[in-house]
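Place chain Y on chain B using the hints.
If you want the building blocks of each chain, they are given just below.
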Amino acid sequence: AQTVTQSQPEMSVQEAETVTLSCTYDTSESNYYLFWYKQPPSRQMILVIRQEAYKQQNATENRFSVNFQKAAKSFSLKISDSQLGDTAMYFCAFMKSSGNSGYALNFGKGTSLLVTP
Amino acid sequence: DGGITQSPKYLFRKEGQNVTLSCEQNLNHDAMYWYRQDPGQGLRLIYYSQIVNDFQKGDIAEGYSVSREKKESFPLTVTSAQKNPTAFYLCASSPRGFFSGELFFGEGSRLTVL
Numbered sequence: 043a044q045t046v047t048q049s050q051p052e053m054s055v056q057e058a059e060t061v062t063l064s065c066t067y068d069t070s071e072s073n074y075y076l077f078w079y080k081q082p083p084s085r086q087m088i089l090v091i092r093q094e095a096y097k098q099q100n101a102t103e104n105r106f107s108v109n110f111q112k113a114a115k116s117f118s119l120k121i122s123d124s125q126l127g128d129t130a131m132y133f134c135a136f137m138k139s140s141g142n143s144g145y146a147l148n149f150g151k152g153t154s155l156l157v158t159p
Numbered sequence: 386d387g388g389i390t391q392s393p394k395y396l397f398r399k400e401g402q403n404v405t406l407s408c409e410q411n412l413n414h415d416a417m418y419w420y421r422q423d424p425g426q427g428l429r430l431i432y433y434s435q436i437v438n439d440f441q442k443g444d445i446a447e448g449y450s451v452s453r454e455k456k457e458s459f460p461l462t463v464t465s466a467q468k469n470p471t472a473f474y475l476c477a478s479s480p481r482g483f484f485s486g487e488l489f490f491g492e493g494s495r496l497t498v499l
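Residue numbers (the numbering used here), protein chains in the order written: chain B, 43 to 159; chain Y, 386 to 499.
Only chain B is shown next, with the shape it has when bound in the complex:
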């Protein structure tokens, strides 16, 4: 079974600063996808960034980037130039294969990020 661990329940960062959210996972599969989702106070889940395990290059989306360490099974999210609108719960997720029946995401417990003025 795949597990996703987010060891930081809460974090805080000042506006314009950089913050890194940690995520580790456990799997025996060699090919998989990793994701960071954002859930703002409105509760609408939004995909932030996606990483394919077979790609060595770290994914980047504007101010969001990841540090993917496959051997260490680590997938951290870096938010640069933090903005007040980044305040949200952030979930790390692993896409697991469910065999012939299809695929589903396995989520961590989340990190609550507060961006302060």
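Everything labelled a hint here was simulated from the structure, so no lab data went into it. No experiment lies behind these values; they were computed from the predicted model shown. Just so you know, not all the hints are guaranteed correct.
[Stated by the list, open to error] Straight-line distance between alpha carbons at most 30 Å, and here's what the computed DSS-like set of lysine-lysine pairs gives:
| id | chain 1 | residue 1 | chain 2 | residue 2 |
| --- | --- | --- | --- | --- |
| 1 | Y | K394 | B | K97 |
| 2 | B | K151 | Y | K394 |
| 3 | B | K115 | B | K151 |
| 4 | Y | K442 | B | K151 |
| 5 | B | K115 | Y | K442 |
| 6 | Y | K394 | Y | K456 |
| 7 | Y | K442 | Y | K468 |
| 8 | Y | K468 | B | K151 |
This is chain Y only, laid out in the frame that chain B set:
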């Protein structure tokens, strides 16, 4: 606009009653999912369906039931057998295929058992 609609947004239920949460999508997605969210627990998979008339249990399916009679619809019934049903429920969909991965979520339904 294309998207996922969950209803009702808030629901109150007495103990011992079954309740059905609606999830409709007009994205033409094959796959649909139900997750439960509790504080400090993240999102846990209840049921998912890859095609019409087929669905699979997730990690916490006990006390829940689903149907997938139409591609657009994936209702979730919380039965009286669910011991702790008070939670926030999220429905999601995705295009079918190994490399899809990205889930599109509804705005959620909050169920409170009185």
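(message) Under the constraints set out in the numbered hints, which ones does this structure not fulfil?
(response) 1
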